[in-house]
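Q: Once you have looked at the hints, place chain B on chain E.
Here the protein sequences come in this chain order: E and B. Converting from the first sequence to my numbering requires adding 26 to each position, the first position being numbered 1. Converting from the second sequence to my numbering requires adding 26 to each position, the first position being numbered 1.
There's no promise every hint is true.
As the list claims (entries may be wrong) - Computed list of lysine-lysine pairs in DSSO-like fashion (alpha-carbon distance at most 27 angstroms, straight line):
#, chain 1, residue 1, chain 2, residue 2
1, B, K165, E, K140
2, E, K147, B, K213
3, B, K140, E, K147
4, E, K165, B, K140
5, B, K265, E, K213
6, B, K147, E, K140
7, B, K140, E, K140
8, B, K321, B, K265
9, E, K165, B, K265
10, B, K213, B, K165
11, E, K147, B, K165
Don't read these hints as lab results, they were simulated from the structure.
2 protein chains.
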Amino acid sequence: MTHILVATLALLLLLTSISAQDKTIAERLGYPRDAKLLIVHADDLGMAHSVNAATIKALESGLVNSGSIMVPCSWLSEIAAYARANPQADLGLHLTLTSEWTSFRWGPVSSRDKVLSLLDKDGYFRLTETEAAAQADPKQVELEITAQIERARALGIQPTHLDSHMGTLYQNKALFELFLRVARSQKLPVRVAKAWFSRADFLPSVLTQDDVYIDRVLDINPTVAPQDWARFYSDALKKLEPGVTEIVIHLAYDDAEMRAATADHPDWGAAWRQRDFEFFTSDTFRKLLQENQIKLITWREIAKLIK
Amino acid sequence: MTHILVATLALLLLLTSISAQDKTIAERLGYPRDAKLLIVHADDLGMAHSVNAATIKALESGLVNSGSIMVPCSWLSEIAAYARANPQADLGLHLTLTSEWTSFRWGPVSSRDKVLSLLDKDGYFRLTETEAAAQADPKQVELEITAQIERARALGIQPTHLDSHMGTLYQNKALFELFLRVARSQKLPVRVAKAWFSRADFLPSVLTQDDVYIDRVLDINPTVAPQDWARFYSDALKKLEPGVTEIVIHLAYDDAEMRAATADHPDWGAAWRQRDFEFFTSDTFRKLLQENQIKLITWREIAKLIK
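Chain E extracted, bound-state conformation (with noise of 0.2 angstroms):
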């Protein structure tokens, strides 16, 4: 009898902790197994004059509800002022180890002399990711990224959450894991989702039970002709699975600014940026969130989940 009584409580205990593992993120934050969420994010803030405006107008529609700062860039001060005046935005930081125009290139926050493998020869970060994570030293960059968060800091900035300009802290598992040490130390959840285990193996090898990641990322890429942009973004929504989903997108104005920084640089470019701009200030895109019963959030409420 006491053998059954102990047999049945450690059955029980057993599908109890089960099922702890097994709630989703989306449980986990408090919503339905099978609600819609998602974060619609604008990366690059602080890079240029263009950027900052068309992201704070598309912060300012609601539509548009977080985004990311690169912090070694010149307008930084601009969108700090910005996070200042506004402490309720979902503010994250775009840690930034890669300068990828051509005409204009920003260099690391911590001094030149101690980043030397993070650098091109002009003393610039490098033009790729590839480049810059073959070539990065881990301890020159869980430098560089410490300096970037705080400085952020300093100026008034409280992120709230962390992720990669041009995926360079994804590339291997040396920077993945000292990325991941350096977000547990901020407590702070970083940009990763479970869809990416499979084409990252090392992922779920790094992340522990304690590591928040969400379901999936979304973006559009150059195969998408410029007629077909909305079309995209529109199928991608009515086509949203249950879940967290992040939906990354670049904003800026198709201005003078923005297309001399792109010149070389179609993809992700200026009409690019104006093309996410329009399409996620849009009321189509307001009535496809309602249509299809999308709730959004913030890496705020996601950052709650971290002990």
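A: Just chain B now, kept in the frame of chain E:
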């Protein structure tokens, strides 16, 4: 008889020597003593795309014929590409130790930990030239301006002259001495005018016979109302004295980027720069040059006087 000969020769030698010393800069350049020679010089290249675009257009008009580049700023690469493609352009370096706008900022080219005296609490150059000069350790200034020259040369810019953004390097004798020492080692002329000797009495004590300096520098100032802009410049050109004058102007378009950059700072702001652009690319300016027999010369010509 021999005595008379020796005395006559000595007198002749003395007169020749006095006459060499007394040669004006105009004469040393091969022009008549009463020639009216003008450098039309646009400052702040590299600071923003708007500055680069307007200045390149003005240089192409031929009416603006010189400019100087801010190496620490993000848009350096765009103007460096122009300099490489136009090696005849009269481009110098606008050595930069201040970051005067509040919505976008920049910092040193050298390692931060080696130039801490040049930085504000946020890690950028200081906002004003007086603050920068008061706090700057001259050794760190020398390190930083040398690094700026080296970066410019590494990017293929062959500077024809040096000057100092916001005049920081003219704020005191120690800074000016080191500026001149760096310029001499680079065999480059520096923006210095004889007309400044009365207001900065350390200048003549630091300059030697081997240094080359011009007669005067003209610029407009915030006391001139926008509607009096053209009249101010027209009057200055009509009254232009013989010798070498540099007119220092600030070009950009009154566009979104420039308005945001200079939002809290109308002096030298976006509208100011658009007015400068309009006047110095106008037929009015072209006619004033012709009617007043003003000849445009460059720093490249002046640099040839340096031994």
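Q: Against each hint, give a clear statement of whether it holds in the structure.
A: Against the structure, the hints:
1. B/K165 <-> E/K140: Status holds; Cα separation ~20 angstroms.
2. E/K147 <-> B/K213: holds (25 angstroms)
3. B/K140 <-> E/K147: holds (20 angstroms)
4. E/K165 <-> B/K140: Holds - the C-alpha atoms of B/K140 and E/K165 are around 20 angstroms apart, at most 27 angstroms.
5. B/K265 <-> E/K213: At roughly 67 angstroms apart (the allowed maximum being 27 angstroms), E/K213 and B/K265 break the hint.
6. B/K147 <-> E/K140: The hint holds at about 20 angstroms.
7. B/K140 <-> E/K140: Given that 27 angstroms is the threshold and the Cα spacing comes to 11 angstroms, the pair holds.
8. B/K321 <-> B/K265: OK: B/K321 and B/K265 at ~14 angstroms, within 27 angstroms.
9. E/K165 <-> B/K265: violated (63 angstroms)
10. B/K213 <-> B/K165: holds (20 angstroms)
11. E/K147 <-> B/K165: holds (25 angstroms)
Hint violations for this structure: numbers 5 and 9, all remaining hints satisfied.
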